[in-house]
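Residues per chain, in single letters:
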Amino acid sequence: MEKYLYTALFAPLVSSLFVALFASRPKMLFTGVIASILIAISMVSSFVLLIDVNTHGALHVNMMDWIVAGNLYIPFGFVVDEVSVIMMVTVTLVSTVVHIYSIGYMDHDKSFNRFFSYLSAFVFSMMILVMSDNFVGLFIGWEGVGLCSWLLIGFWYHKHSASWAANEAFIMNRIADLGMLMGLFLIYWNVGSLQYEEVFATLKDLDSVVVATIGIFLFIGAMGKSAQFPLHTWLADAMEGPTPVSALIHAATMVTAGVYLVIRCGELYSMIPDVGFAIASLGAFVALFAASMALVNNDLKRIIAYSTLSQLGYMFVAAGLGAYWIALFHLMTHAFFKSLLFLGAGNVMHAMHDELNIKKMGGLYGSMKATAILMSVASVALAGIYPLAGFFSKDKILEVAFNEGAYFLWFALFIGAGLTAFYSFRLVMLVFFGEKEYIKHGFHPHEAQPFVIYALLPLGLLAVIAGWFEHQFEGFTTRLLARYEIHISHGIEIVLIGATLCIAVGGIAFAIYKYQRGGFSKTWEEGFFYKLLSNQYYIPKVYELYIMRPFTMLSQFVWQKIDMKVVDFTVDSIARTIYKTGEKSRKMQSGNLSDMLRWMVVGMVVLLVLALFYRPMA
Amino acid sequence: MITLTHYLILTGLLFAIGLVGVMRRTNLLMLFFSTEILLNAVNIGFVAVSKYYGDFTGQMFAFFIIAVAASEVAVGLGLLILWYKRNGSVDLNSLQMMKG
Amino acid sequence: MEHILSLLVFFPAVAGLLGFLVAKESIRAYGISVSVIEFCLSLILWIGFDSANAGYQFVEYYAFIPSYGMSYYLGVDGISLFLVILSTFITMIALIGLSIEKDIKNLIISVLFLEMTMVGVFLILDVIWFYAFWELSLVPMLYIIGGWGGERRMYAAIKFFLYTFAGSVLMLVGILYMGFLYYEATGIWSFALPDWYLLQVPFKAQLWLFGAFFLGFAIKVPMFPFHTWLPYAHGQAPTIGSVILAAVLLKMGSYGFVRFSLPLFPDATVYFLIPVAIICIIMVIYAAMIAYAQEDMKQVIAYSSISHMGIVILGTFAMNAEGITGSIFLMLSHGIVSGALFMLVGVIYDRRHTKMIRDFGGLAQVMPNFATVYGIMLMASVGLPLTVGFVGEFLSLVGFYRISWILTLLAGTGIILGAVYMLVLYKKSFFGQVVHEENRSLKDLNAKELSALIPLVLLVAILGIYPKPLLSTIDMSVQKMLVLMDQKAIEPATKELIMKANSIGGTH
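Protein chains in written order, with this note's numbering: chain A, 1 to 618; chain B, 1 to 100; chain C, 1 to 508.
Simulated from the structure, these hints should not be mistaken for lab results.
Please note that a few of the clues may not be correct.
Pair ranges (Cβ atoms, derived) [stated by the list, open to error]:
hint: 1; chain 1: A; residue 1: Thr-552; chain 2: C; residue 2: Leu-43; range: 44 to 50 Å
hint: 2; chain 1: B; residue 1: Val-68; chain 2: C; residue 2: Glu-151; range: 53 to 59 Å
hint: 3; chain 1: A; residue 1: Thr-577; chain 2: B; residue 2: Leu-79; range: 36 to 42 Å
hint: 4; chain 1: A; residue 1: Phe-569; chain 2: C; residue 2: Lys-204; range: 30 to 36 Å
hint: 5; chain 1: C; residue 1: Glu-151; chain 2: A; residue 2: Asp-595; range: 37 to 43 Å
hint: 6; chain 1: A; residue 1: Ile-51; chain 2: C; residue 2: Val-435; range: 53 to 59 Å
hint: 7; chain 1: C; residue 1: Ala-52; chain 2: A; residue 2: Tyr-579; range: 44 to 50 Å
hint: 8; chain 1: A; residue 1: Pro-616; chain 2: C; residue 2: Ala-52; range: 38 to 44 Å
hint: 9; chain 1: A; residue 1: Ile-37; chain 2: C; residue 2: Glu-25; range: 52 to 58 Å
hint: 10; chain 1: C; residue 1: Lys-448; chain 2: A; residue 2: Ile-578; range: 40 to 46 Å
hint: 11; chain 1: A; residue 1: Ala-278; chain 2: C; residue 2: Ala-205; range: 41 to 47 Å
hint: 12; chain 1: A; residue 1: Lys-565; chain 2: C; residue 2: Leu-484; range: 40 to 46 Å
hint: 13; chain 1: A; residue 1: Ala-611; chain 2: C; residue 2: Glu-151; range: 41 to 47 Å
hint: 14; chain 1: A; residue 1: Ser-573; chain 2: C; residue 2: Ala-52; range: 17 to 23 Å
The beta-carbon is built from N, C-alpha and C at its ideal position, and this holds for glycine as well.
The following block holds chain A by itself, in its conformation from the complex (with noise of 0.2 Å):
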């Protein structure tokens, strides 16, 4: 079995690499065609995988010695166990389908070979982040796969805005990295070892509080990756990137990588349920914060981005309530209908030109059919309808907030699922059906080409059929983490769901009936909230006043007037008045005889007094 967890492992390394080679040629068909057999190629041995963990259970490799020094000693080894294995297959699942999606997509760019080389890239470092078995290895995906959200989201990088949207992502992910690093660091002196079965098998004899500062830092890591408030704002700005990258890395799969952190170290976070509870309202905080930004934007891709970030924060309300497997669970169904969704938006922006602001779309179901019912499919699974894959995933989490007594929770994210579907058929809506605003902006909106559309339909069958599979899932992934008993009753239990259903179905039949009318009138755009809502909080700009203005300040301040008005100073005017000593007491040199024979004169008396009044101690 080894030879398929590395065939899964290096088949997209080998693609990136190979297609890395034409990467500076103009375009090239095999390059993405070749790519997307490798990726292929890494899917089928994920799966071939998941049915030998299934019956034969974990498998775990040491492929060789990385750093060793003193105690330390990290090697590359990975493991495929019931956690990792579903990421994999996940995680390629939809690379195999954005590749295939991209050939078509990238078709006219001129970068089409470069942009293969950092997908593939990108598949390999999230391999690596979710197959390593100890928390090193775990880092170089995190920031691998942090260099190829860089190298991706700045991929026009002709483009100021997304230049600086990739440094932004980059920059705010370092930021939480440090925490991530802190918590390795107490890891590493606590247990002396960093591989995951030694750490969790020592955690029960370490002190509380060092479990509970190791369960933070390693939560202000996930935070950046997986954009959770006040580190969220680069995920709507890595919308610059092409949107296959937005699908894969900004809805699917990289963005969970810190969910997969969490659930990756349950047993840790099961020992301080506290610090569970305050992740687990943090998330449920994200979840409405950002669904309630989705409401008002008018930019699609943003639009999915924030409902991805709502997403996540559900997610974080299951891990921290240790609920893990619905946890993963969401995950794999999130990354699913998200990456369709925004697969689906990408064909409109084709169609439209690249044109982004939903206001001028509209009546697009007439042109794009397809696309049109696969978005569709996405939305109503994303708002969580019966019998969609969101429903089973989405619903679980509300029933473990409920049972675990949180009832705070449980409104914000009942009220939160209301909001995605409102914003979701908000979005549909004015898209796909109502006044065909396009024609008035002159656009010829077109269907996209038949193997994208076929690409997509895996994923349109799964956003439809995931959660069918809640049982088998259940029984495969617990027998690694933690099992989740729900105490509520029956009764109860069909009343939440009912609940959640109404709210959803509310939302999105109250989305369809206002947009059919033309939508909310314009005196609400001049309202407090919409403003607040469209400018996100007016958060992004209190960053740039309050942080980057001050810290560009404050720069030029330590240079110019520290580092060359004092500390420079000080050096050259050390060095001027010794120079200058030597300016003035040359004249002492004045070659006269007489002068010389003074100032022998005045030496030696100095001597005389010297030797009269010193004594040397005895």
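Add chains B and C to chain A, keeping to what the hints say.
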């Protein structure tokens, strides 16, 4: 009774005279004289102390100094004459080639 | 093999002398071949090196002035081995990438002499000789900056010379005092470092000696607030000078800490640990902020060197194998990466005769290969895993975490600020549209530049993925040194700290 103290006072006086001469005079010849006075002041001191302790090292030193001074004057005066022939003056202020 | 160290030290100098006889047209080929031979010699040294032996190997000892204990004493161990290889490697790469035409003969001969002094500093075990090589290294560098530098080259060269010279004079006083202490304790004179290692210096004397050596090393590193010579030196030096200065000469200072300060004065090291660590943190953050504010591409990298050297010194003062091994590895990786970055700046300077960031923009479109290599080096500089930069940085910070978590957190902001100034630099120079017409016709890397840069890129990747052969060799000698420090320590607090720094467990 003339004691060691008297000799040393004489030495001091002579030395002071020599020192003032060295510092004040600008004529090179006068400088030579002053130097000689300085040397001889020291010589007197040496001989007096030597007599007082009954140790001949001091007197030996005095002879040594006389010998050195003589040769020094010989060379010095030679150079002085050369300088006079070239410049027509033995004034110190004309000798400022080492100005820094 | 028994004289390989002498050969390594003096071959470049002799070859440099012979270089005066070589015709001007063939001097470049001559210089490159000498440096290649030297590099191969250092590789032979590595092959012959017994990595199971933590002590000095290939030792050469001749009594030089026996009555004063001065000897010609060479030896190599895990700590110095790779620094020697780094020196020969960087010299070779710098000569391959050399693009200066003016007075090239004198330049190459200076570089070869410089190579002798660098290799000498790392290999010599007699302290007087060490001092001689240390000071001699200033002369060719002074000449390189003053002869081939930019507009204010004289100011920069003299500042560099006098500043570092002033520091090392104090070190000389320390050396003499230490020799005197050895004489007092044993009745014989010796300036051999291994002899000194065996001497327990009284605590008070340790403090003074530590201070004297510290100044010499700190100015060389350079540590805040003694760093201001560096931006001028880099700003004015020709590319080859900057490459060697950043890659190797700065490492002489940090090597000095590992070789002298720690094992000779363990108690003083522990006594001054926190103040030194605070200086390091100031270096990391302060230099990173200044780097962010720079308008000149080369200055950004110059200040980033200061920032990275802060982490190096922090790792050295971690007092455990992880930290010290990490800091030595970080010296190597910083040598490779900063050397490469300075070469890259040189590449663009040769084409545009400017280093100002505002004169660039959109370079990724006209020079894709250049942008790629630059990007790789940038990622190595910010310490991305699987590049060479991560290993050393990670180990240094891991090591120091045991001493103080809060200081490590502060030093860790370096990885954020490093990303800030590097990415902003990259964005301003490489991304965006081509705004200056002159940039539109720039040529991408040529064969000569590629042949200098590709080895560096390969090293960045290889050492990032498989650093173990280096780490295990370094680690062995470092552990031996730590044992020595523990044995020599006088104060119980020192023993306790070394004990704590090297053990797992306990709350933080």
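Hint check results:
1. Range check, A:Thr-552 to C:Leu-43: Cβ separation about 46 Å, and the 44 to 50 Å hint holds.
2. Range check, B:Val-68 to C:Glu-151: Cβ separation about 58 Å, and the 53 to 59 Å hint holds.
3. At about 41 Å, the beta-carbon gap between A:Thr-577 and B:Leu-79 stays in the expected band of 36 to 42 Å.
4. The hinted range of 30 to 36 Å is satisfied by A:Phe-569 and C:Lys-204, whose Cβ atoms lie roughly 35 Å apart.
5. At about 42 Å, the beta-carbon gap between C:Glu-151 and A:Asp-595 stays in the expected band of 37 to 43 Å.
6. Our hint of 53 to 59 Å for A:Ile-51 and C:Val-435 holds, since their Cβ atoms are close to 56 Å apart.
7. For the pair C:Ala-52 and A:Tyr-579, the supplied restraint of 44 to 50 Å is violated, since their beta-carbon distance comes to about 55 Å.
8. Our hint of 38 to 44 Å for A:Pro-616 and C:Ala-52 is violated, since their Cβ atoms are close to 54 Å apart.
9. Between A:Ile-37 and C:Glu-25, the C-beta spacing of about 54 Å keeps the proposed range 52 to 58 Å intact.
10. Under the hint 40 to 46 Å, the C-beta atoms of C:Lys-448 and A:Ile-578, about 44 Å apart, fit the expected range.
11. One distance hint, 41 to 47 Å for the beta-carbon pair A:Ala-278 and C:Ala-205, is violated here, with the actual separation near 53 Å.
12. Roughly 45 Å separates the CB atoms of A:Lys-565 and C:Leu-484, a value that falls within the hinted 40 to 46 Å.
13. Between A:Ala-611 and C:Glu-151 the beta carbon distance is about 53 Å. The supplied range of 41 to 47 Å is therefore violated.
14. Distance hint check: the CB atoms of A:Ser-573 and C:Ala-52 are about 54 Å apart, inconsistent with the given range 17 to 23 Å.
The structure is inconsistent with the numbered hints 7, 8, 11, 13, 14, although it conforms to all the rest.
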